[in-house]
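Peer 1: This is what each chain is made of:
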Amino acid sequence: MTGYSIEVDRSVGTRSRFAELSSLSPHLRNATALLLGALCLTVLGCSGAGGGYEGPPVIVLGFDGMDYGLTQRLMDEGRMPNFTRLSQLGGFGPLGTSVPPQSPVAWSNFITGQDSGGHGIFDFVHREADTLEPYFSTSRVEDPKIVKILGWEFPMGGGGVELLRKGQEFWEVLEQNGVESHIYRMPANYPPSGTATRELSGMGTPDLLGSPGTFSFYTSDLFVSEGAVDGGYVYPVDLWDDKIEGDLYAGPGSRAERFSTAFSAYIDPASEWVELVIEENGEKRLLKVGEWSDWVPIDFELSAVSKMRGMARFFLKSLNPEFELYVTPINIDPMKPEQPISTPGDFAAELARATGRFYTQGMMEDTKALTNDVFSYDEFLAQARLAGEEILDQYEHVLSQFEADFLFYYFGNLDQVSHMMFRTLDPDHPAYDPEVDGPHADAVPSIYEDFDSIVGYTLDNMPEDTRLIVMSDHGFTSWRRTFHLNTWLTQNGFMTLKDKSRAKSSIYSNVEWARTKAYAFGLNGLYINLAGREGEGSVRPEEFDAVVADLTESLLAVTDPASGLPAITKVYRADQTYQDREYLDIGPDLQVGYAKGVRSSGKSAIGDIQTEFITDNTEYWSGDHCMDHETVPGILLTNTQLRRPAGDLRGLSTSVLAEFGIDIADATAAGAAGG
Amino acid sequence: MTLLNTILRSILDLLLTPFEGFSPWVGLIVISLLSAVVALLVYKKVSNQDAIERVKSRMQASLFEIRLFNDDLRAILRAQGAFLLANLRYLALNLVPLLWMIVPFLLVFVHLEPRYRNQGFSPDTAALLEVEVAGGEGSSTERPSLELDLPAEIRSDSPAIWLAGARRMAWRLVSDEPAAHVIGVRSGSVTHPKEIRFNDRAELFSAERPAKGLLGQLAQPAEKPLPSDSGLSSITVNYPERSWGTVPWTDIPIAWWFWWLVLMVVFGLALRRPMGVQI
Numbered sequence: 000m001t002g003y004s005i006e007v008d009r010s011v012g013t014r015s016r017f018a019e020l021s022s023l024s025p026h027l028r029n030a031t032a033l034l035l036g037a038l039c040l041t042v043l044g045c046s047g048a049g050g051g052y053e054g055p056p057v058i059v060l061g062f063d064g065m066d067y068g069l070t071q072r073l074m075d076e077g078r079m080p081n082f083t084r085l086s087q088l089g090g091f092g093p094l095g096t097s098v099p100p101q102s103p104v105a106w107s108n109f110i111t112g113q114d115s116g117g118h119g120i121f122d123f124v125h126r127e128a129d130t131l132e133p134y135f136s137t138s139r140v141e142d143p144k145i146v147k148i149l150g151w152e153f154p155m156g157g158g159g160v161e162l163l164r165k166g167q168e169f170w171e172v173l174e175q176n177g178v179e180s181h182i183y184r185m186p187a188n189y190p191p192s193g194t195a196t197r198e199l200s201g202m203g204t205p206d207l208l209g210s211p212g213t214f215s216f217y218t219s220d221l222f223v224s225e226g227a228v229d230g231g232y233v234y235p236v237d238l239w240d241d242k243i244e245g246d247l248y249a250g251p252g253s254r255a256e257r258f259s260t261a262f263s264a265y266i267d268p269a270s271e272w273v274e275l276v277i278e279e280n281g282e283k284r285l286l287k288v289g290e291w292s293d294w295v296p297i298d299f300e301l302s303a304v305s306k307m308r309g310m311a312r313f314f315l316k317s318l319n320p321e322f323e324l325y326v327t328p329i330n331i332d333p334m335k336p337e338q339p340i341s342t343p344g345d346f347a348a349e350l351a352r353a354t355g356r357f358y359t360q361g362m363m364e365d366t367k368a369l370t371n372d373v374f375s376y377d378e379f380l381a382q383a384r385l386a387g388e389e390i391l392d393q394y395e396h397v398l399s400q401f402e403a404d405f406l407f408y409y410f411g412n413l414d415q416v417s418h419m420m421f422r423t424l425d426p427d428h429p430a431y432d433p434e435v436d437g438p439h440a441d442a443v444p445s446i447y448e449d450f451d452s453i454v455g456y457t458l459d460n461m462p463e464d465t466r467l468i469v470m471s472d473h474g475f476t477s478w479r480r481t482f483h484l485n486t487w488l489t490q491n492g493f494m495t496l497k498d499k500s501r502a503k504s505s506i507y508s509n510v511e512w513a514r515t516k517a518y519a520f521g522l523n524g525l526y527i528n529l530a531g532r533e534g535e536g537s538v539r540p541e542e543f544d545a546v547v548a549d550l551t552e553s554l555l556a557v558t559d560p561a562s563g564l565p566a567i568t569k570v571y572r573a574d575q576t577y578q579d580r581e582y583l584d585i586g587p588d589l590q591v592g593y594a595k596g597v598r599s600s601g602k603s604a605i606g607d608i609q610t611e612f613i614t615d616n617t618e619y620w621s622g623d624h625c626m627d628h629e630t631v632p633g634i635l636l637t638n639t640q641l642r643r644p645a646g647d648l649r650g651l652s653t654s655v656l657a658e659f660g661i662d663i664a665d666a667t668a669a670g671a672a673g674g
Numbered sequence: 000m001t002l003l004n005t006i007l008r009s010i011l012d013l014l015l016t017p018f019e020g021f022s023p024w025v026g027l028i029v030i031s032l033l034s035a036v037v038a039l040l041v042y043k044k045v046s047n048q049d050a051i052e053r054v055k056s057r058m059q060a061s062l063f064e065i066r067l068f069n070d071d072l073r074a075i076l077r078a079q080g081a082f083l084l085a086n087l088r089y090l091a092l093n094l095v096p097l098l099w100m101i102v103p104f105l106l107v108f109v110h111l112e113p114r115y116r117n118q119g120f121s122p123d124t125a126a127l128l129e130v131e132v133a134g135g136e137g138s139s140t141e142r143p144s145l146e147l148d149l150p151a152e153i154r155s156d157s158p159a160i161w162l163a164g165a166r167r168m169a170w171r172l173v174s175d176e177p178a179a180h181v182i183g184v185r186s187g188s189v190t191h192p193k194e195i196r197f198n199d200r201a202e203l204f205s206a207e208r209p210a211k212g213l214l215g216q217l218a219q220p221a222e223k224p225l226p227s228d229s230g231l232s233s234i235t236v237n238y239p240e241r242s243w244g245t246v247p248w249t250d251i252p253i254a255w256w257f258w259w260l261v262l263m264v265v266f267g268l269a270l271r272r273p274m275g276v277q278i
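Those protein sequence lines, which keep their order, are chains F and A.
Following numbering that gives the first Met the number 0, the numbering of the first sequence begins with 0 at its first residue and continues without gaps.
Following numbering that gives the first Met the number 0, the numbering of the second sequence begins with 0 at its first residue and continues without gaps.
Next up, chain F with everything else stripped away, as it sits in the complex:
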């Protein structure tokens, strides 16, 4: 099933062509009509598409994680003058987000005009029902191509990658109606759909390890041991004769299976500078303590005839008392992409030639380096700023070159910084430290101000008559309390443990499935352990409704012992919440809507069980949005009244189509006008 059944309003876009035609002399008009008719027949015959769009262009700026309440507050304080200016031209209001309000789900709602039942994205991660093996919900990477000759294996470059999001992109409908569309960094669009004139992939694009982003940290500290940390890898190095040597890794699989390339760092202790040398391709850079390198191309030899190209930025954190070098995840090099990251395939290189190399991994801000104490707050903010400036520089180039009909451009900086720095806005947060957080209280609002400047820049530089839409996928709030849903299930008889004396366990290792009715997986998902569907299902299909009702009632009755307030405000039953139903079998049976300030623990999302079901959140990751979707709306800001008002993300995609005179005739427009 596709999301759109369309009717084209010929009064928009094509009207001007017909008006011009009527002003010509009768003979010329007939000849021109014949010529146009022949041309239309040719084009329609080949592609089924209509003629070229000639109306005003539309630009959509996607500000991931921009919160309605905070935006309104900063506008009231006069800190976002361009937002205020824009709201007076068109309108400003909350934009309903998805169930659950997670970025891949929310953006997929916008992209397809459908909900999770239609596009098949229910969470960041999904599980294989029979094995509970987790996988990324939006894309699947295939193994590298290997050619076997006489028993020898020759790797011939990276494997393929599959976009798992279903449904039709709204820009495909635009293109079918002659609207040239350029889509930059749309989340949940990796690999690029191939249905827009130009696309650059965004959130979901992996690094060259196939992960969302794995940094490397090299240190001469004797007390640090080698090993993987969440989102990174720590390598001890020996400092000998003012020189260290290390290896960089790329490729999927275990460390032993990956491809490595050596690098050296020659140190000048007197000046506190180093010279970095990538041995394989001879790239060299000079770096001083506290400095970031530019993007350094890095070659990994796969075989005698084949190399894999990546790139990284290096940050020399310290030379004294210890050598400490941070290396970004090895990104896909846009100059020579090992995986498809753009439409057409060479567009990424064209962009890189115009604006310089840029982050290609989907989530650029290295939150994991902060949570692992590799970065300080200031170092994290500096890295986030570097990433944000790249995106901004590229946007200025894109806008200056924009001659198409539709432009979508995504900014993810705010979302990631808000996740890490939100407690600086919340003195009541359990981890708030006035000495550490107080000085950074402006970190998040200052990005709102930066985004306000982007809007101002756009208003000043966009083509005349452009309709500008500024939107966000969800809002944000402080994450104070952590709910361990699997723990709660064990404490309330919905999940049974094999060994009850073990207070803690991970990845469902201690679960007695034959006596378990439900399990939590993902940040909001709750699955009934249904016989015939799950690997060791115990709930018979005829018991399903009763278990769901029992769970729902019990969950809605949960209160936070610390405050006495409800911890869960809504429980959404999938078959009653989602209007699109084609892919309901992929996702959870229930989506848990946590109360504002409460979020599932990350470990519970992959099967960990703790001793307490709700605890204080003491992590750096202090802001979030994976709660009841009604508590975290995004924003919608326009410079003109939309032809078709939008109340939520699904409705917004139909509103964009309506701006081009394309009317959605079927029920997918349910999100329109506050639906």
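Only true hints are included.
Simulated pairs of lysine to aspartate or glutamate, DMTMM-like, Cα-Cα distance not exceeding 20 Å: (1) Lys516(F) x Asp607(F); (2) Lys335(F) x Glu300(F); (3) Lys242(F) x Glu278(F); (4) Lys287(F) x Glu321(F); (5) Lys283(F) x Glu240(A); (6) Lys242(F) x Glu279(F); (7) Lys242(F) x Glu129(A); (8) Lys283(F) x Asp123(A); (9) Lys569(F) x Asp549(F); (10) Lys147(F) x Glu300(F); (11) Lys242(F) x Glu141(A); (12) Lys242(F) x Glu131(A); (13) Lys497(F) x Asp607(F); (14) Lys569(F) x Glu629(F); (15) Lys595(F) x Asp615(F); (16) Lys287(F) x Asp377(F); (17) Lys287(F) x Glu129(A); (18) Lys335(F) x Glu279(F); (19) Lys287(F) x Asp123(A); (20) Lys223(A) x Glu129(A); (21) Lys283(F) x Glu129(A); (22) Lys283(F) x Asp156(A); (23) Lys242(F) x Asp220(F); (24) Lys335(F) x Glu240(A); (25) Lys595(F) x Asp427(F); (26) Lys283(F) x Glu323(F); (27) Lys569(F) x Glu552(F); (28) Lys287(F) x Asp156(A); (29) Lys211(A) x Glu129(A); (30) Lys283(F) x Glu131(A); (31) Lys165(F) x Glu141(F); (32) Lys211(A) x Asp228(A); (33) Lys335(F) x Asp345(F); (34) Lys165(F) x Asp574(F).
To be clear, the hints were calculated from the coordinates, so they are not data collected in a lab.
Once you've looked at the hints, dock chain A against the given chain F.
Peer 2: Only chain A this time, still in chain F's reference frame:
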């Protein structure tokens, strides 16, 4: 050697300067065409054209013989033998012009290498200047006293960095404007000039100024060698390599000289008749 390098560089400058504002392919096509013309002229002059014509006729005759008497095994074998002998004779006749041309063309090759292998820095990228200090293993690793003389358009955004383990001193240079400059590396009272280019024209991008010595001057002929008493082994700039494509279905880069040879062969074949050369 230095004089020869200076003469060759001047000739190539004269020939290629008009094309520096265009794509490097333009200069490469021009130099390939000129190379083909010179090669044909030399070939015509130093080879035995009559003998080549005769041996080619003999080869052709052998081929006809094979076709005409394809039912006579002895005749075929005899013709094949004659064809083989003629082939060897043809190779021997080509050896003479090859010997005449190999040295001059190798010299042209090493002079073209810095023009087409490298490309210049764009103004927003930093260049790495490295000075290798003479002395082998066990030599003093004491920081040498070297300083830079920079034109106004170029600045160093790093101090002089001494990498004792590699016996190198390094600087990071930046330029706000596209430009070609000569910078100076000052060692005591002597300043050693070195060319550096922040532009992407199809110019001469000399990566290294070598120490005095035949091999160094053969490998890096574009600039004069460093004086023997300079105490320096080389002054190097890390120009990025220019891309000339990759071998299909592999990541093996194609070198500029591959296209030079291909174009020379194409032009040579096209011009042999108009120039009356028997090859």
